[in-house]
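Protein chains: 2
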Amino acid sequence: MRLELLNTGTELLLGSVINTHVKFLAEALFPIGLRISRQVTVPDGDAIRDAVIETFGRTDVLLITGGLGPTTDDVTREIVSDLLGLELIEDAEVWRQIEERFARRQLCMSPRNRRQAMRPEPATVLWNPHGTAPGLYVPPLPGKSSPHIFVLPGPPRELRPMVEDYVVPMLRKLVGQSAISEMRVFRTAGLGESFVEEKVGEQLLGLGVELGYCARPGEVDIRVIGTAEQLGLASEIIRNVLSTSIVSDDQRSLEAVIVEALASRGESLSTAESCTGGAIAHRITNVPGASAVFLEGFVTYANNAKRRVLGVPKEDLEKYGAVSESVAAAMAEGGRKAAASDYALATTGIAGPTGGSEGKPVGTVFIALASKDHPTRVEKPFFPTDRERFKELVSQTALDLLRRNLC
Amino acid sequence: MRLELLNTGTELLLGSVINTHVKFLAEALFPIGLRISRQVTVPDGDAIRDAVIETFGRTDVLLITGGLGPTTDDVTREIVSDLLGLELIEDAEVWRQIEERFARRQLCMSPRNRRQAMRPEPATVLWNPHGTAPGLYVPPLPGKSSPHIFVLPGPPRELRPMVEDYVVPMLRKLVGQSAISEMRVFRTAGLGESFVEEKVGEQLLGLGVELGYCARPGEVDIRVIGTAEQLGLASEIIRNVLSTSIVSDDQRSLEAVIVEALASRGESLSTAESCTGGAIAHRITNVPGASAVFLEGFVTYANNAKRRVLGVPKEDLEKYGAVSESVAAAMAEGGRKAAASDYALATTGIAGPTGGSEGKPVGTVFIALASKDHPTRVEKPFFPTDRERFKELVSQTALDLLRRNLC
Numbered sequence: 274m275r276l277e278l279l280n281t282g283t284e285l286l287l288g289s290v291i292n293t294h295v296k297f298l299a300e301a302l303f304p305i306g307l308r309i310s311r312q313v314t315v316p317d318g319d320a321i322r323d324a325v326i327e328t329f330g331r332t333d334v335l336l337i338t339g340g341l342g343p344t345t346d347d348v349t350r351e352i353v354s355d356l357l358g359l360e361l362i363e364d365a366e367v368w369r370q371i372e373e374r375f376a377r378r379q380l381c382m383s384p385r386n387r388r389q390a391m392r393p394e395p396a397t398v399l400w401n402p403h404g405t406a407p408g409l410y411v412p413p414l415p416g417k418s419s420p421h422i423f424v425l426p427g428p429p430r431e432l433r434p435m436v437e438d439y440v441v442p443m444l445r446k447l448v449g450q451s452a453i454s455e456m457r458v459f460r461t462a463g464l465g466e467s468f469v470e471e472k473v474g475e476q477l478l479g480l481g482v483e484l485g486y487c488a489r490p491g492e493v494d495i496r497v498i499g500t501a502e503q504l505g506l507a508s509e510i511i512r513n514v515l516s517t518s519i520v521s522d523d524q525r526s527l528e529a530v531i532v533e534a535l536a537s538r539g540e541s542l543s544t545a546e547s548c549t550g551g552a553i554a555h556r557i558t559n560v561p562g563a564s565a566v567f568l569e570g571f572v573t574y575a576n577n578a579k580r581r582v583l584g585v586p587k588e589d590l591e592k593y594g595a596v597s598e599s600v601a602a603a604m605a606e607g608g609r610k611a612a613a614s615d616y617a618l619a620t621t622g623i624a625g626p627t628g629g630s631e632g633k634p635v636g637t638v639f640i641a642l643a644s645k646d647h648p649t650r651v652e653k654p655f656f657p658t659d660r661e662r663f664k665e666l667v668s669q670t671a672l673d674l675l676r677r678n679l680c
Numbered sequence: 274m275r276l277e278l279l280n281t282g283t284e285l286l287l288g289s290v291i292n293t294h295v296k297f298l299a300e301a302l303f304p305i306g307l308r309i310s311r312q313v314t315v316p317d318g319d320a321i322r323d324a325v326i327e328t329f330g331r332t333d334v335l336l337i338t339g340g341l342g343p344t345t346d347d348v349t350r351e352i353v354s355d356l357l358g359l360e361l362i363e364d365a366e367v368w369r370q371i372e373e374r375f376a377r378r379q380l381c382m383s384p385r386n387r388r389q390a391m392r393p394e395p396a397t398v399l400w401n402p403h404g405t406a407p408g409l410y411v412p413p414l415p416g417k418s419s420p421h422i423f424v425l426p427g428p429p430r431e432l433r434p435m436v437e438d439y440v441v442p443m444l445r446k447l448v449g450q451s452a453i454s455e456m457r458v459f460r461t462a463g464l465g466e467s468f469v470e471e472k473v474g475e476q477l478l479g480l481g482v483e484l485g486y487c488a489r490p491g492e493v494d495i496r497v498i499g500t501a502e503q504l505g506l507a508s509e510i511i512r513n514v515l516s517t518s519i520v521s522d523d524q525r526s527l528e529a530v531i532v533e534a535l536a537s538r539g540e541s542l543s544t545a546e547s548c549t550g551g552a553i554a555h556r557i558t559n560v561p562g563a564s565a566v567f568l569e570g571f572v573t574y575a576n577n578a579k580r581r582v583l584g585v586p587k588e589d590l591e592k593y594g595a596v597s598e599s600v601a602a603a604m605a606e607g608g609r610k611a612a613a614s615d616y617a618l619a620t621t622g623i624a625g626p627t628g629g630s631e632g633k634p635v636g637t638v639f640i641a642l643a644s645k646d647h648p649t650r651v652e653k654p655f656f657p658t659d660r661e662r663f664k665e666l667v668s669q670t671a672l673d674l675l676r677r678n679l680c
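For the protein sequence lines, the chains are A and B, in the order given.
Residue numbers are given in the numbering used here: position 278 of the first sequence equals residue 551, and the series is strictly consecutive.
Residue numbers are given in the numbering used here: position 188 of the second sequence equals residue 461, and the series is strictly consecutive.
Simulated from the structure, these hints should not be mistaken for laboratory data.
Remember, predicted model here, so these are calculated numbers, not experimental data.
Do not take every clue at face value.
Because identical chains share one entry, a pair is satisfied inside a single copy or across any pair of copies.
Listed next, the in silico EDC-like pairs over lysine to aspartate or glutamate satisfying Cα-Cα at most 20 Å (straight line) [stated by the list, open to error]:
#1 K296 / E284
#2 K653 / E483
#3 K296 / D659
#4 K296 / E661
#5 K653 / E366
#6 K592 / E366
#7 K472 / D522
#8 K633 / E588
#9 K296 / E492
#10 K592 / D364
#11 K472 / E492
Kindly generate the complete structure, drawing on both the sequences and the hints.
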């Protein structure tokens, strides 16, 4: 069963608003066995007409968002009726609810709101408790090759409950129970995208699954779609080959995996960040429940702070410089001691764009992990890139260094 | 001149990734007089073929994103060449640069990377300093009705500089200088979107400009499009009415404005964060040059850390609780003293989802600013929302409290 999505709205194409409908709808539809085959955005107005017509005969279901509002540029309702040769009638119950809504909020009605009570005659109303514009469902019309059409409001807080309450249940009936695939996303850290594919790609394709890769700084997701049995086999292959590089198989983030591992072990963490400037603490504290395991974060940009807060020896700073293996180690150990935590992560490096030298170019970084269980570990990757990505890569590498010690 | 955008990538239609290209490209193209007439997303693979063909004869420019990577699902390069009847050749200079990139990063190359050096013969290479895959420009081919085609990499950090460095200058030449409006974006902090519109909307529309609003947590942008003269008048209106709520009129971020203000005054900042968990330090240190003004950040989740690191009195913690006006003030003052900085920002609150109580529900927060020049200021907004948005709103409010003291 083929499904397409048509988003209408000039603001989407001007970049004033980011389209989050695609993600929401994709995730709502996948569990009932439906995927979006094509997504189109057109501005308000006549372009909607062409975009609707071209789907006739090509798709089974068409979801349209936007253009149900009261202003003159909201014309989706009219265009769909016109294309299908249907007359618009006023729905008495819709009109009653709009009036009630305005009265309850003590708002003045505009005559324009009357248009929102109109619907094509054979359409089913999808009620909207979060706004004035109801959605509409128009079944396929004989002789028109028109798909099942759902017309939905643009604002996410109106669209989302309508999709959950009406669209998904109605589509589930249409689809039936056959052939629903499952999806699993294996998140890996510290490997390159082409390396990951080289290691597992062929074996996985041999299972007949659908496969995709998605790379972000310092991590690669492997997306596998197939039957439950295929996913079991895929999981075995991926675990055998990539073993400790696997962060999660349920889209949990690296930081969430760490917080859970620390919580289950009853252990705690602190951070002593120079070049990442709080990025590691920020990621950890994004995880609900982080306060149970994260004791303290120090952002020590100035040498003086490294000495006073973390107890980094003056001689090390002078002899090796702030960006050095021994200072990274001393920062981690000092942070762990100051916070009395089980682990401490430390970073010191040159994020750029300035501050590099011949011996220590922009991108140089030392990452240290102090632990109650083993001697301090220091890694020295090299990330010659822009400032924000440098911070992402360093915090990712640091968190992964900790994860490999925990999991 | 008509321009269309084709985004390729199964991950976009599965909802694994949100499409941010539309916004970026729309904003990059607008100043040269171009708008996106239609945007389409299709999955990796053969659907790309149909989506490209259907634009022939309909559009003048086609931007395609994604599918230039090294993995087998990356096929945009091949499909475009095939459709245009062009042969792929290996570009020696591209290959040299890929090899150099891997060598510099001390990474192993995969034979798959070789595909990334291929280009259709008449194509111009758009260099990509941020990744292995260069972009491609293929001019219209006589007899094919094909548009100007730009093929761009999917990752935003590779696409964005390529658009700025190549696509925009090349398109500017094609478009010429006629009838280009200017756009200015006034960024405001601490006001609601409907409030902003109510205050300035009608006056601005009276100037005949095109107007748009864009709201993010704690800030609202006012987008004004018109002639230079209209923009001058609009600027006057906005400055008169919204005065100190204006952060910038050139899309500079709140944190960049703060770093510049501190630098020009020769002053310094430290942070003492509890509920924002490093988010404020992270935002400040994202600004190049932050190291000149940002001395130290403390992330003190545990009460113990608040006492030991920041010197918060035990009695205050016991009597008022960690989330209280006096603890916020003590954190800011303690942070300022510990770091010997001119200003210190502190936050303490309940981000949720758990940890709330009747007297202090989730969303409660105290924000304090200690300064060398005036008594410590404490604000108590209320942000009952999800955890990430709570952190955004609190860090935004804290930074804006500082900005209003500086600017």
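Here is how each hint holds up against the structure:
1. For the homomeric pair K296 and E284, the shortest alpha-carbon distances inside one copy (18 Å) and between copies (9 Å) are both at most 20 Å.
2. In the homo-oligomer, the alpha carbons of K653 and E483 never lie at most 20 Å apart, since the shortest distance is 37 Å inside one protomer and 51 Å across protomers.
3. Taking the shortest alpha-carbon separations for K296 and D659, only the inter-copy value of 19 Å comes in at or below 20 Å, while the best intra-copy value is 25 Å.
4. Only between protomers do K296 and E661 lie at most 20 Å apart by alpha-carbon distance; the minimum there is 18 Å, versus 22 Å within a single protomer.
5. When the C-alpha separation of K653 and E366 is checked against a cutoff of 20 Å, the pair qualifies neither within a copy, at 59 Å, nor between copies, at 31 Å.
6. In the homo-oligomer, the alpha carbons of K592 and E366 never lie at most 20 Å apart, since the shortest distance is 70 Å inside one protomer and 43 Å across protomers.
7. Proximity of K472 and D522 under a CA criterion of 20 Å is satisfied intra-copy only: 17 Å inside one chain copy versus 50 Å between copies.
8. When the C-alpha separation of K633 and E588 is checked against a cutoff of 20 Å, the pair qualifies only within one copy, where the shortest distance is 19 Å, while the shortest distance between copies is 48 Å.
9. In this homomeric assembly, K296 and E492 come within 20 Å of each other (Cα to Cα) only inside a single copy, at 18 Å, whereas the closest approach across copies is 24 Å.
10. In the homo-oligomer, the alpha carbons of K592 and D364 never lie at most 20 Å apart, since the shortest distance is 72 Å inside one protomer and 47 Å across protomers.
11. Taking the closest pair of Cα atoms, K472 and E492 come within 20 Å of each other only inside a single copy of the chain (15 Å); across copies the shortest separation is 46 Å, beyond that limit.
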